[in-house]
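**Student:** Note that the protein sequences, when read in sequence, are chains S and H.
Here the working numbering is used: position 428 in the first sequence is 428, and no number is missing along the way.
Here the working numbering is used: position 5 in the second sequence is 436, and no number is missing along the way.
Accuracy of the hints is not assured; some may be wrong.
[Claimed, not checked] Simulated pairs of lysine-lysine, BS3-like, Cα-Cα distance not exceeding 27 Å: (1) H/K442 with S/K430; (2) H/K629 with S/K292; (3) S/K208 with S/K25; (4) H/K442 with S/K208; (5) H/K689 with H/K629; (6) H/K689 with S/K25.
Please keep in mind that the hints were generated in silico from the structure rather than gathered at the bench.
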Amino acid sequence: MSTVAPVVQPAQPTTPEGPDFEFVKSWKVTIALSIFTVLSFLLLVVFGRDGTSTMRLSTSSDLIQLPDVELPTRVTGIVITVLLLLITGVSVWLVRAKAKAPIWLIAVYAVLVLIGFLAWAAADKSIPVPGLLFGSLSLAVPLIFGALGGVISERVGVVNIAIEGQLLAGAFTSAMVASLTRQPLLGLLAAMLAGVLVSMVLAAFAIKYFVDQVIVGVVLNVLVIGLTGFLYSQVMAPNAALLNQPPRFERINIPLLSEIPIIGPVFFRQTLIVYIMYVAVAVVFYGIFHTKWGLRLRSVGEHPQAADTVGINVASTRFWNVSIAGAIVGLGGAYFTLGSVGAFGKEMTAGAGFIALAAVIFGRWDPIRATLAALLFGFASNLQNVLSIIGSPVPSEFMLMLPYLVTIFAVAGLVGQSRGPAASGKPYIKS
Amino acid sequence: MKLELRGITKKFGALVANDHINLTVEAGEIHALLGENGAGKSTLMNVLYGLYRAEEGEILLDDVVQHFAGPGDAMAAGIGMVHQHFMLIPVFTVAENVMLGHEDTKTGGRLDLAAARKHVREISDRFGFDVDPDALVEDLPVGVQQRVEIIKAVSRDAKVLVFDEPTAVLTPQETDELMVIMRQLKEAGTSIVFITHKLREVRAVADRITVIRLGAVVGEASPTATNVELATMMVGRAVDLTVDKAPAVPGDAALVVKNLSVLDPHGQVLVNNVSFEVHNGEILAIAGVQGNGQTELTEALMGLQPRVSGEITLDGKSLRGHSVRQVLEAGVGFVPEDRTEDGLVGEFTIAENLMLDRSNDEPFVKRWNVQRALLAKFAGEKVMEFDVRSQGIDTPVGRLSGGNQQKVVLARELSRDLRLFVAAQPTRGLDVGSIEFVHERIVATRDAGTPVVVISTELDEVAALADRIMVMYRGRIVGIVPGDTPRAVLGLMMAGEAPAGEGAAA
């Protein structure tokens with residue numbers, strides 16, 4: 001004992017700093033990959049088709065013309081199935097080795113599945129890639145505006161089920177105002193106003209009267225559908241020439257950028273609304289994470305009482321931000337009538353608001369991720385359009401399910417337990 | 432700054448939470464506000480902070496009457512508050528939490544985080560805190576979170592600082608450190624209102640003591656008053672601060688836990704390879720600061736945790752992997768930590784709550800029908816036996832006071848034939864009278880030969896009840912020591928230091 005140096009060191013924890021971790025094995029990803037590999041094998045190899053699949057990469061108006069890519073359909077299918085099998089094997093090995101499959105691996109897998117499917121569907125036909133992507137973006141625009149509004153609204157603590165109603169109200173109002181004034185810009189403003197009005201009803205009931213936010217949202221959707229449907233058939237349709245022929249925004253080609261192969265025709269030959277959307281995504285992202293406005297907004301959505309104790313007015317913060325969200329969603333509504341379709345139609349939003357809501361959750365309440373999610377959903381919708389145009393062997397009814405299937409799998413499978421704003425959907429009641 | 436409250440009256444419906452309260456806090460003094468849970472201390476401070484509007488009375492700062500429309504006004508006037516439930520946003524960093532509400536911005540509206548960080552560091556250095564401005568608040572231990580609250584208040588130049596039950600979540604060592612901080616603040620000229628119901632702390636740090644009971648000021652006391660004097664003032668009658676209990680007569684080992692581990696969904700180890708035994712007729716108290724795995728350990732015993740490895744046996748039969756119903760049928764009684772959340776259904780009546788875990792079969796349910804008459808008789812008996820004060824057995828449980836609610840939980844759990852009794856934080860938030868009652872029942876259960884596990888963060892309670900004490904830190908057992916182990920040793924153990932000599936490996 002006498003050889004031991006005196007050890008007097010109190011208050012030293014016996015365990016090292018930081019919590020202990022143990023890897024929780026999760027086979028979820030591997031199982032999903034296995035199922036898709038088997039399905040790919042069945043489709044691409046067992047029911048594989050012969051011929052050549054052509055991918056057109058340039059439009060006729062491009063300055064730089066890229067050559068078409070021609071793939072032998074059956075060989076492509078076999079090669080892709082082998083690659084998928086390899087990735088599935090890697091994921092099994094990773095779980096065994098107690099590691100997580102990296103996200104890029106899953107992304108590569110998804111792209112491979114997509115290429116395989118496209119090649120299979122386009123045997124002896126050609127797919128216009130810029131057209132496919134351009135259409136995807138077009139379909140995604142209202143979803144992105146809807147998702148941005150949803151992100152703001154949920155971040156401040158109000159669940160916005162009424163995105164659908166706001167889109168529809170925006171579409172109707174913009175068509176009417178733009179037709180009457182012959183000014184698409186005024187139509188745009190009117191759409192924002194309509195979105196704000198729907199939002200304010202939601203905000204008033206949810207924040208002032210503590211009515212359940214989901215119920216108010218659902219009721220508002222039904223109300224707007226009924227109201228616009230009534231006005232459409234009673235007022236708008238009989239006077240279509242006066243009230244439902246809005247001037248559309250012209251496409252504006254951005255010099256230089258619009259000539260980049262593939263990207264240019266997709267992103268930079270768009271209408272004003274789409275350019276506004278690019279700005280909106282950037283501004284909302286910057287605003288939420290880097291400004292005083294965003295800090296206060298998030299604090300109210302996470303812990304309203306804490307925000308209150310530092311002198312932030314919870315009710316008014318919620319009210320005005322939900323209103324701003326409504327204005328943004330309204331812009332998305334205007335895109336239906338002033339950007340893509342060109343006239344209002346009954347229930348023309350067809351559930352876009354709900355897909356936008358899914359994009360909010362899939363994007364984990366982050367404006368950029370929600371935008372990417374909306375783009376994915378837009379892509380799934382447009383894939384169905386393109387394939388039915390080129391005449392794919394898949395029944396069109398099945399293809400119509402595609403966007404919604406992608407939505408369900410994306411939200412349920414990939415997101416799993418994601419954590420939204422803690423106080424979202426909860427009224428803040430002071431005594 | 433001198434703070435004066437004159438005739439503050441605050442009502443919630445028919446309940447008078449504050450009844451014409453007068454309170455004066457001189458500049459640079461630590462003024463303790465002593466009272467039982469539910470005496471109206473927090474309500475008074477929320478009135479002061481502008482969170483509640485008082486029906487009557489006025490607030491004066493340096494003899495100037497103030498009108499606070501909200502916390503913003505109170506803060507601007509120089510009042511800061513360290514809340515009992517921290518008012519911090521868990522997903523924000525320390526700097527973001529400190530700057531929230533009075534943010535500095537640069538061009539383009541960009542938040543000036545650098546300035547906020549510098550501010551946090553300055554204040555940390557002044558008080559000798561070790562706080563990383565960029566750490567996420569949810570990752571910080573509660574003790575550090577409290578320091579963030581203090582930084583928050585100081586960064587707004589608070590001249591009057593209110594500490595609302597600040598020691599409830601701290602280890603004894605952290606409590607001592609907090610006392611040092613409070614003295615530091617006092618020397619810097621800050622007036623401090625220290626709200627607590629713990630007598631020892633009051634005597635250690637307060638310059639003056641005001642005691643309130645049932646919403647009214649009972650009187651002032653000096654810090655030299657004895658515990659018994661203070662307790663008598665606080666409760667309104669003579670109280671017995673010790674629990675009468677005979678030495679335990681432990682029998683055979685009943686509950687045997689071997690190498691038990693619990694993981695959370697992300698793989699974090701919440702309970703780390705824990706082994707212990709509880710014998711018939713003894714109370715094992717599990718001590719530790721909140722959040723060191725005690726909650727998860729009890730939930731694992733009850734079958735409420737999904738990712739559990741290791742062995743749990745009761746009387747030789749395994750309990751692990753069984754459903755909660757099977758665990759209950761094995762004779763385990765359980766008082767959950769949060770009675771309003773997990774122990775009771777607030778909208779249900781007392782009678783319905785009493786049969787809550789026996790809704791499957793006889794005697795209370797026959798052929799899918801609830802036996803109302805039998806239940807009424809049973810409930811009537813239990814309400815008498817456990818002294819539940821209410822308007823009748825059909826009163827919704829949510830309308831009862833905390834003490835009476837806890838008696839309903841106890842009545843339900845102790846009216847079955849138990850082979851093991853697990854009570855988590857059995858007296859949290861209760862008044863002294865109810866605490867005495869709950870402690871007596873727990874000791875009576877032990878004396879009937881049942882093994883008892885009590886989980887508590889209050890050292891007083893642990894010391895009063897335990898035959899043996901097991902201390903947990905970060906999911907591990909630091910040691911199992913006899914019930915009469917000195918506080919100082921327990922305090923060190925709660926901070927993770929293994930006790931010297933024998934007992935460490937027990």
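**Student:** Assess, step by step, whether the Cα of S/K208 is no farther than 27 Å from the Cα of S/K25, and give holds or violated.
**Tutor:** With a Cα-Cα distance of about 46 Å, the restraint between S/K208 and S/K25 is violated, given a limit of 27 Å.
**Student:** Given the hint that H/K689 pairs with S/K25, test it: the Cα-Cα distance must not exceed 27 Å.
**Tutor:** holds (23 Å)
**Student:** Below or equal to 27 Å on CA atoms is what counts here, so check H/K689 against H/K629.
**Tutor:** Violated, at about 36 Å.
**Student:** With a cut-off of 27 Å on the C-alpha distance, tell me whether H/K442 and S/K208 pass.
**Tutor:** Satisfied, since the Cα-Cα distance of roughly 23 Å is no more than 27 Å.
**Student:** Within a Cα-Cα threshold of 27 Å, do H/K629 and S/K292 meet the stated pairing?
**Tutor:** Cα-Cα ~40 Å, so violated.
**Student:** Regarding the pair H/K442 and S/K430, is the alpha-carbon distance no greater than 27 Å?
**Tutor:** holds (14 Å)
Going down the numbered hints, you'll see the structure goes against 2, 3 and 5, while the others check out.
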